[in-house]
Amino acid sequence: KNEVEQSPQNLTAQEGEFITINCSYSVGISALHWLQQHPGGGIVSLFMLSSGKKKHGRLIATINIQEKHSSLHITASHPRDSAVYICAVRLLTGNQFYFGTGTSLTVIP
Amino acid sequence: GAVVSQHPSRVICKSGTSVKIECRSLDFQATTMFWYRQFPKQSLMLMATSNEGSKATYEQGVEKDKFLINHASLTLSTLTVTSAHPEDSSFYICSASIGTNYGYTFGSGTRLTVV
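From first to last, the protein sequence lines are chains E and S. Everything in the first sequence is counted per our numbering, starting at 1 for the first residue and increasing by one. Everything in the second sequence is counted per our numbering, starting at 1001 for the first residue and increasing by one.
Note that these hints are calculated values from the structure, not bench results. Since the model is a prediction, treat every value here as computed from it, not as a measurement. The reader is advised that the hints may include incorrect statements.
Unchecked claim - Using 30 Å as the maximum straight-line C-alpha spacing, the simulated DSS-like pairs for lysine-lysine come out as follows: (1) S:K1064 x S:K1020; (2) S:K1014 x S:K1064; (3) E:K55 x S:K1041; (4) E:K54 x S:K1041; (5) S:K1041 x E:K68; (6) S:K1014 x S:K1041; (7) S:K1020 x S:K1055; (8) S:K1041 x S:K1020; (9) S:K1055 x S:K1066.
The task is simple: from the sequences and hints, build the whole structure.
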């Protein structure tokens, strides 16, 4: 069993739709990251969360530490949002990260 | 914001040769850098943690004599894949810590193909 589970694995949406990607983890963490990986491979760090909620533009990330769950929401989705979204958790001690296998999002015009 | 520049973005090399990948922090000092590998359709896997001025810490199963990591300055870490084999073909990416409260930033990755 992976320490970090993401759902769904693949997601296709129409432009303008509200999108939610979920991440559950089973270990104690100091922080959770949401990353965006474009087809060329480059990775962009979207959010780092240790509690509550963060918003950046059309992206919103929430985390519930007690339930060990985080969600990434995209409002008014756009084709340029098409990418793989990866949830990564940093363990309480040290620098070890565990990564989810990613959610591949395709937004259709 | 904090930027990590990674070069090259793509490299093709022959079996048996060595390839060096550089990660440079452009506007901050990175005392710790992390090297990851990603095989097709798989998640990122941590290979090693690189600390400035000391030996890198390798994850289980990663050959330290094959993947040489040097972190000689606060702004540069290098990963050298020695005697590359086709099974080393992968996507390699680095990240750097920009302070406990500031998270991590990632390089743009290097796609290595060994022929």
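Checked hints:
In summary, the hint linking K1064 (chain S) to K1020 (chain S) is supported, as the alpha carbons are separated by about 14 Å, within the 30 Å threshold. Pair hint K1014 (chain S) plus K1064 (chain S) holds up; C-alpha atoms about 21 Å apart against a cutoff of 30 Å. Taking the CA atoms of K55 (chain E) and K1041 (chain S), the gap is near 29 Å; set against the 30 Å cutoff, the hint holds. Only pairs whose Cα atoms come within 30 Å are accepted, and K54 (chain E) paired with K1041 (chain S) is accepted, the gap being roughly 29 Å.
This hinted pair checks out: K1041 (chain S) and K68 (chain E) have alpha carbons roughly 25 Å apart, not beyond 30 Å. A hinted pair counts as satisfied when its Cα atoms are at most 30 Å apart, and K1014 (chain S) with K1041 (chain S) qualifies at roughly 24 Å. Annotation: proposed proximity of K1020 (chain S) to K1055 (chain S) holds, straight-line Cα distance about 17 Å (limit 30 Å). At most 30 Å may separate the alpha-carbon atoms for a hinted pair to count; K1041 (chain S) and K1020 (chain S) meet this at roughly 24 Å.
Between K1055 (chain S) and K1066 (chain S) the alpha-carbon distance is near 14 Å, which keeps this suggested pair within the 30 Å criterion.
This entry satisfies every hint, going by the numbered hints stated previously.
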